[in-house]
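Quick note: the sequence shown uses this note's numbering, first residue 11, plus one each step.
Derived by calculation from the structure, the hints in this document are not laboratory data.
Being a predicted model, the structure only gives us computed values, none of them experimental.
Incorrect hints may have been included.
Subject to a maximum C-alpha distance of 30 Å in a straight line, what follows is the list of computed DSSO-like cross-link-like pairs (lysine-lysine) [what the hints assert, rightly or not]:
(1) Lys104 with Lys115
(2) Lys78 with Lys13
(3) Lys154 with Lys140
(4) Lys56 with Lys115
(5) Lys265 with Lys146
(6) Lys165 with Lys140
(7) Lys43 with Lys92
(8) Lys43 with Lys102
(9) Lys38 with Lys13
(10) Lys163 with Lys43
(11) Lys13 with Lys95
Distance ranges between label pairs, derived from CB positions [unchecked claim]:
(12) Phe248 with Asp201: 39 to 45 Å
(13) Ala55 with Asn224: 47 to 53 Å
(14) Glu172 with Asn209: 44 to 50 Å
(15) Asp294 with Phe248: 26 to 32 Å
(16) Lys239 with Asn284: 29 to 35 Å
(17) Leu169 with Ser308: 35 to 41 Å
(18) Thr87 with Lys13: 17 to 23 Å
(19) Lys239 with Gln101: 53 to 59 Å
(20) Asp294 with Asn224: 30 to 36 Å
(21) Arg99 with Ser158: 42 to 48 Å
(22) Gln250 with Gln101: 50 to 56 Å
(23) Asn295 with Phe143: 23 to 29 Å
(24) Ser189 with Gly61: 22 to 28 Å
Glycine residues also receive a C-beta, built at the ideal position from the N, C-alpha and C atoms.
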Amino acid sequence: MDKKIIVKVAAGLGNQMFMYANAFSLAKRFGYKLFIDNTSGFFQAKNRTFGRAFGLNSFNLTGDLADKSDKYDNYITHNYKKIIKTLNRFQKNKAFLTDPKGSNKKTYYEKIDYPLSDTVYLEGYFESEKYFFDLKTELIEEFKIKNSYINNKNKFINLLSESNSVSIHVRRDRFVEPSYFNDRGREPKKDMRLEDIINYINRAVSYFENKIDNPKFFIWSNNFSDLDKIFDKNKFIFVQNNDYINDFYLFSFAKHFIVSPSSFHWWGAWLNQNPNKICVRPSDNLNPSNNKDFWPESWSII
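Please build the complete structure, drawing on both the sequences and the hints.
This is the structure in structure tokens:
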């Protein structure tokens, strides 16, 4: 019987990509067959906030969907998993893997080099390129969007391709938003302020204006309401009216990136194949992840 790794995917698309990339790397290293549990991470209502759903089916992945017998997508099997995970801690061959955590509850990169069971269930975010950097070329192929999802007539393709384009992403409905916004959206994460992110973006814009010739700044967002109060439309081009997959597809045409606190934008920058691209990122106090190794070391801090 083939050895297999089953990866539970959950949360938004960027998070799902980290989960899959880590599992892909482990499967390659240990010679396991890779399967995707596309339902256990979403059967509870609390895990479907913001319209979250399985999104990896938009990509040309080589991993197959897991059988029902390898999932924990109802309350009975979910609670059963808790029991067998606890018991497995005392066994030599590990059948359940998740992010390593430090004393401050921050996760961090740790190479997995201990014995594994023939069937391994993987859950966790693993938000660091260190888990899979050596397979970047293969992951670029894995994360190619299926043609049926792409609008090749999108007007932004030429605008991005034919300019010294810089990609900016403003994530809304996650951070504390400015009081002068009319539409402040939902703010579930209170330890980061959108105004701090905007200040970082403005510093990065100045950096690119001094770094490259005639930069053109393009803004992506999941909510453009009120952004024209901050970003002058005469200077910034708003990439609007796309579904999230075509938004992600358009990242591949940008030349440079002001990477925001967003795993969605992180992946757009990381997968982009412009050989001369410049990626900048904010300081660690604007790290959206629990993983202290979230930001690639090659990206410049602004």
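Which of the numbered hints above does this structure break?
6, 10, 12, 14 and 17
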